[in-house]
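Asker: Since the structure of chain W is already known, use the hints to place chain C on it.
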Amino acid sequence: MEKKKVKVGFFSLTCCEGCEFAVLDLEEKLLKAFDYLEIVESRVLMEKIKPAAVKLDIAFVEGSVISKHDLDKLNYIREKTDFLVALGSCAAIAGINGIRNSLPEGIQERMRQKAITPVKEKAYPLSSFVKVDYILNGCSVNELEFLDFLNKVLHGVIPKLEEVPVCFECKLKGNACLLLKGILCLGPVTYAGCGALCPSQNAQCIGCRGFTKDANFDSLDNLFKEMKQSKKERFNLFTYFNPLPKELSVLKEEK
Amino acid sequence: MNYLLKKENLPKFLELLKKKFDQVIVPVKNETGATCFQPYSGQEIFLEARTDFSAKEFFRPAKEKTFSFKKKNSSYEIKPEYDTAKKVLFGVRPCGTHALNTLDELFIKFFGEDQFYSNKRKNTTIIAFQCNKACENGFCASMGTSKAIGHDLLFIERGNDFFVRAETEKGTSLLDSALFKHTSDSEYSSKINCENELDTEDIEENLFSNFNHSVWKEESERCLSCTSCTQSCPTCYCYTSNDEFVFGSDNESERFRVLDSCQLQRFTKVAGNHLFRPSREGRLRQFVLHKFSYYKKHHCIHLCVGCGRCITACPVKISLVDIANKIQKHSLEESK
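Which chain is which? The protein sequence lines are W and C, in order. With the working numbering, the residue at position 71 of the first sequence is 71, and numbering never jumps. Heads up: take any position in the second sequence, counting from 1, add 255, and you land on the working numbering.
Excised from the complex, chain W in its bound form (with noise of 0.2 Å):
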């Protein structure tokens, strides 16, 4: 039974263009997918591209939006697709770009000044601009989250956002508490999906999956606060990937 393929396209805005390689690395199940999916447009996956006027049913964008440039290509991909997936942290939550929101002002000015482009204030996730439909979250996007999402779209269900800390699932997998053995985590506060990646191997969760909407902060913080570890170095792994929440905003005065 021929069915009419879903068209897809990839955008990337400001970012290093990782996830869209995280997507390739579902190799054979891309290409199984690839029965059900028309690639419109994308840098990465196409030889060649001729940005198509047609319209899109889904748009994955990556990036953030840093500048006038981005915008505008932001508000034509959102004019052109119905449904607008935000694709890894920079779209998301702005992200990495995002780490020069939280810099001290002086140097964000000099940043700005030397820029070789004209750049925005700050650094902007999607959904500042325009309506975001979807957010796949992670640095980069987790590939497995990003076919199950595919999955449900195409049976035509539009999945629900997990609303639950990686602690969840790093302890489905059986990992000893990062937190108990004196090393800094943002497990708790940071939504799952990752399948407890970076504990699993003894690393500390960095929060790139953005914060969750219940993350008790404070109680996070004193626990830090009680590891011996500085203002400096808490507000720095708070803000890794995360606008400062404004329940730490005590963290900030310090230089």
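In short, the hints are calculated from the structure, not lab data. Check each hint, because a few of them may be wrong.
[Stated by the list, open to error] To be clear about the criterion: a stretch of chain W counts as covered by chain C if any three or more of its residues have a C-beta under 8 Å from a C-beta of chain C, and this derived list gives those stretches:
1) 92-101
2) 156-167
3) 179-185
4) 219-230
[Claimed, not checked] Capping the alpha-carbon separation at 27 Å, the derived lysine-lysine pairs in DSSO-like fashion look like this:
5) C:K320 x W:K29
6) C:K341 x C:K375
7) C:K325 x W:K152
Yeah, the Cβ is synthetic: ideal placement off N, Cα and C, and Gly gets one too.
Answerer: Quick look at chain C alone, frame taken from chain W:
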């Protein structure tokens, strides 16, 4: 009948079991340093204390396929998936045997058999391991769970030997080997002096009548909602159901039971995105009351076996023993 097994012969015994059973489950230390139960494949056995994670995974798995659906012309083919592999669980502590007994109340006796659970339960032979010292944060003496029940064999550490006692025919049949030497000795002590003590008198009523006690708020303020407590708990069984499409097929799907946790906000999310237990305070209270009050009222047994895993696992050191004791003390003072 009682027997002795030399300690150095334990791996030989486990190899013998491997020939008789599809899966031999033993306590080990995994690569992250946590102790848990895993299928035996020659690893070093961990017998020093109770494990950080319980053997729950082999009875109420984190993710369990229950049905698969297939559309055929105008009807559906529905195929349930029962795990009927013959297993043996070695080295489960007395509290662990009580945990299984507690879950039996719900999944076998109360509503009738839940076959996904009962099949696993019936096909698993239990070899319990008696503790000879109290474990970190445990309070089994208070809960009356320091002596194993419902097991087939009991192992007790004694010098260079394991003292082995068969409790059922199923257990006796496993001792059919030259590794086991007969002994006339029959005594063993199961008395353990736990550091933690919990006053369980009228606890179900006292906790419930102190629903609005200030301790709930005080303790829950530092809760991270990380779910370490419910996941390390041997009796926390709450689950949710998910349907998943088979990738690349347009007429098949599968249903899974997935472990959930009452400490998550999404646990109480209902249609229309309404949350009826949004606060951390309410969620912590639910955990403790379910353990000591609600389950006891329905099944005449506490849902807590006093293993203390939730206390050890908590990164911010919330202790359900402290909470319950505070309220017990408060109730005692009030009644005076």
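Asker: Work down the list of hints and note, for each, if the structure agrees.
Answerer: Status of each hint after checking the structure:
no.: 1; hint: 92-101; result: violated (count 0)
no.: 2; hint: 156-167; result: holds (count 6)
no.: 3; hint: 179-185; result: holds (count 3)
no.: 4; hint: 219-230; result: holds (count 4)
no.: 5; hint: C:K320 x W:K29; result: 22 Å, holds
no.: 6; hint: C:K341 x C:K375; result: 8 Å, holds
no.: 7; hint: C:K325 x W:K152; result: 17 Å, holds
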